[in-house]
Amino acid sequence: MKRFALAGNPNCGKTTLFNSLTGSTAHVGNWPGVTVDKRDGVYKKCPEPVAIIDLPGIYSLSPYTPEEVIARNYILDEKPDCVINIVDATNLERNLYLTTQVLEMDVPIVIALNMMDAVERQGDKIDAKELERRLGVPVVKISALKEQGLRELMDKAYNESQKERHGITVLEDTALAHLIGDVKIALAGQNVGNPLFHAIKLVEGDEIEVEMHKDTLPMVEEFKATFNDDVFGTDFEALVADGRYKYISKRFAPVLTRKNKEKFATTRSDRADRVLTNRWAGIPIFLVILFLIFHLTFSENFLFISTFAEWAGKPLPTLEELGLDVENYGVRWLATIYDGTIFSPGVIINNIWNDMMVGELFGWIQGLVEGSGMAAWAVGLINNGIIEGLGAVLSFLPPILTLFLFFSILEDSGYMARIAFILDRMFRRFGLSGRSFLPMIMGFGCSVPAMINTRTLADEKERTATVRVIPFFSCGAKLPILTAVAGAIILRFAGGNGSADLITYSMYILGIVVAIVSVLLMRSTTLKGETPPFIMELPAYHAPQFKNLMAHLWDKTKHFVKKAFTIILASTIVIWVLTHFAFDWTFLQDEAINESILAGLCKLLQPLFTPLGFGSQLGAYGWVFVLAAVAGLIAKENVIATFATLGACLMAVLKVGDLGGVTADAIAADDTGVSAVVAMIAATGVTVPGLISFIAFNMTTIPCFAAVGTAKSELGNKKRFRWTLVFWLAASYIVGAMVYTIGSWWWTLFIWLAVAAAVVTVIVFYNKGKIKFKRNKKVV
Amino acid sequence: MQKTLDKFAIGEQGVVCRVAGEGKIKRRLFDMGITPGAEVLLRKRAPLGDPLEITVRSYELSLRITEAQCVVLNVADETTAGEAAK
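Protein chains in written order, with the numbering used here: chain C, 767 to 1546; chain X, 255 to 340.
No lab work stands behind these hints: they were computed from the structure.
Don't take every hint at face value.
Said to hold, decoys possible - Listed next, the in silico DSS-like pairs over lysine-lysine satisfying Cα-Cα at most 27 Å (straight line):
{"no.": "1", "chain 1": "C", "residue 1": "K1227", "chain 2": "X", "residue 2": "K280"}
{"no.": "2", "chain 1": "X", "residue 1": "K278", "chain 2": "C", "residue 2": "K1324"}
{"no.": "3", "chain 1": "X", "residue 1": "K278", "chain 2": "C", "residue 2": "K990"}
{"no.": "4", "chain 1": "C", "residue 1": "K980", "chain 2": "X", "residue 2": "K257"}
{"no.": "5", "chain 1": "X", "residue 1": "K280", "chain 2": "C", "residue 2": "K1294"}
{"no.": "6", "chain 1": "C", "residue 1": "K1294", "chain 2": "X", "residue 2": "K278"}
{"no.": "7", "chain 1": "C", "residue 1": "K804", "chain 2": "X", "residue 2": "K278"}
{"no.": "8", "chain 1": "X", "residue 1": "K280", "chain 2": "C", "residue 2": "K990"}
{"no.": "9", "chain 1": "C", "residue 1": "K1012", "chain 2": "X", "residue 2": "K280"}
{"no.": "10", "chain 1": "X", "residue 1": "K257", "chain 2": "C", "residue 2": "K1485"}
{"no.": "11", "chain 1": "X", "residue 1": "K261", "chain 2": "C", "residue 2": "K1029"}
{"no.": "12", "chain 1": "C", "residue 1": "K1534", "chain 2": "X", "residue 2": "K261"}
As the structure is a prediction and not an experimental result, all values here were calculated from the model.
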């Protein structure tokens, strides 16, 4: 099958063209070794089917970013049959800069002049025929968005792919022409493919080329030594770049006739930017947009309508108050939208998915399995292990997709780049760029889309650091742990007087502080590196494309569902088996969880948690906290669910009717989890600092399986992933220990401060080169 | 008169005469079209004062002050620059 590669600048409409050409055949993966999107698909309307490969969006073929290296290696090594170079006609000069580099390769090329409709709307004109003549390769006017000119483009490309083409350069008129010519002849003599491209890169002193052609280098250096330019001296990289742009301005730019002769005309996009990145309004507008996104995704009180109704003295009635039968099928549909308050769109989708679709389906399967007469353990494994485990993971899908939709809209419309622009200053202090803000804030919703979103970060180290701290931004599933434990603390230790919310908020802030400290630590030790540069295009605003958005969402869904049915499913089964079998492999009912293998293991682990306040000091039943934390590794919802199961079970074991005034029935009836935690407190005698340390530990430790799986695929590198797990464990252990010891004995604060000061001193001196460790630690 | 980009007032224009700095950052500036002869207009500063937004080769580019310090431009004398700012 012939292969055509799509190359072009970011924001040139490459993705839209790709989607239009390949339709449903598109496949998304990662380029080998790096987490840069690799898309391919099939175009069927040529005389034979053609594979379309979407190369990453790039501005140049420099050796400095992974995207550029991928694109150039693909064209040089994989030798596609044709390169379709998409050129944004509204931004001709900068787009043609890449074209001048691709032209140097020995590969058939067709130029797709995209966004011609936008150019014509401005009243401007481009003489495509003249451009074709000057470039020496076919130029086709297209509109990827309106799917105009695609047929002609592909026919031309197919035609070109039958021919052979030799590279040409625009540097012929410059002082470098001789030098390039000599190096090219030398390389061609060695039978090097693409001699012109390699010759120019060698002259530039390109890192990759210098490494590749070590033998030819002395010769190039000899030639270079005799050369000196009046303006640039011997800065060959500058000479080449300048030569390209000079040629573009002189030869290619004139094909464009502008209606508006003004040099810096104000466009509609500029007017929008005057407000959106305004000195005073920019940040408030951004905060409002952010709030709206979260509100529309997670709020059960849409636009605060029910709150306003309450203020007006006419509170909205619940479905029960309306006299409706909540078990009735139709009413259950109504309940996905309204129940005393109007839900936000995100919550409605979530309710429909979980209550009416996945819930119904799984309930039906569970019913079938129960009635099938299988052994009790098999029923338990399928119903409680596999089905519930899958359910727990799939239930994340709606909020993930909703959040993703909103953030895709921000990205596609061009606003995302402005957010980075507004916030860059703040984030630079921590060695990050403005771009890392979004993934972090998304973490408050769910870590999974947040980690996927780190793909917008160009710098690998910045990306790793961001992925690692995302779980510290406490996600939606961790909130019930916070509220249940905080509620129980107020109820049990403050007699119900006090604000549980205050504890919850402080824990959120603790998470943010831990994230900041971790980033600073990593950026000055294992992930050292310069703050990545911030030379970034601010693309013109445009309305997001529905088709692109849907393609985006579909990719994410496929990715996530695949993971849910593989690694996550396997892990769920293992945990279920360990909690439902005793050491002699007899099957245990839920109530006997304390005799299970996992409970046994947790009893062994219990002493480890003594410094955190929920270890050996809690006596015989202290392992319940360990078990809850371990269960939280599947999904954080499990932490409180485990307490509820264990509460009933502990009452049976202790032969008491209630624990701390809470009966088994009360636990079952209470879906906030507060009663279950109260029972645990009564059974174990855990202290307040111990409880707070428990929440802090759960918040900062290894996240749920879904997030761990995402981190694994996003980090790309196995070693980096393993260190990330170690980092999460270490961070949560230290934070938990700190909270517990300082909470119990205030003076230990000084010990922690002294340790912290010592660590900082060591790092500072180490970085200044005053202390040296023998083993040279590799960067992870 | 010569001036680095970070010293520009909002609305001020100039023509790039050279780009200082090293390796990666300089190459990136070149690749984005900041080469000698390119006309540059400083559009605005971010709400927190940094980075800057410029128009070059008829598109918008953002760069930090530290990066803007590498770009040396020729500007018309003070009076015309002042008018441009208006």
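Hints versus structure:
no.: 1; hint: C:K1227 / X:K280; verdict: 21 Å, holds
no.: 2; hint: X:K278 / C:K1324; verdict: 37 Å, violated
no.: 3; hint: X:K278 / C:K990; verdict: 21 Å, holds
no.: 4; hint: C:K980 / X:K257; verdict: 40 Å, violated
no.: 5; hint: X:K280 / C:K1294; verdict: 22 Å, holds
no.: 6; hint: C:K1294 / X:K278; verdict: 17 Å, holds
no.: 7; hint: C:K804 / X:K278; verdict: 25 Å, holds
no.: 8; hint: X:K280 / C:K990; verdict: 20 Å, holds
no.: 9; hint: C:K1012 / X:K280; verdict: 17 Å, holds
no.: 10; hint: X:K257 / C:K1485; verdict: 48 Å, violated
no.: 11; hint: X:K261 / C:K1029; verdict: 21 Å, holds
no.: 12; hint: C:K1534 / X:K261; verdict: 32 Å, violated
This entry does not satisfy hints 2, 4, 10 and 12, going by the numbered hints stated previously.
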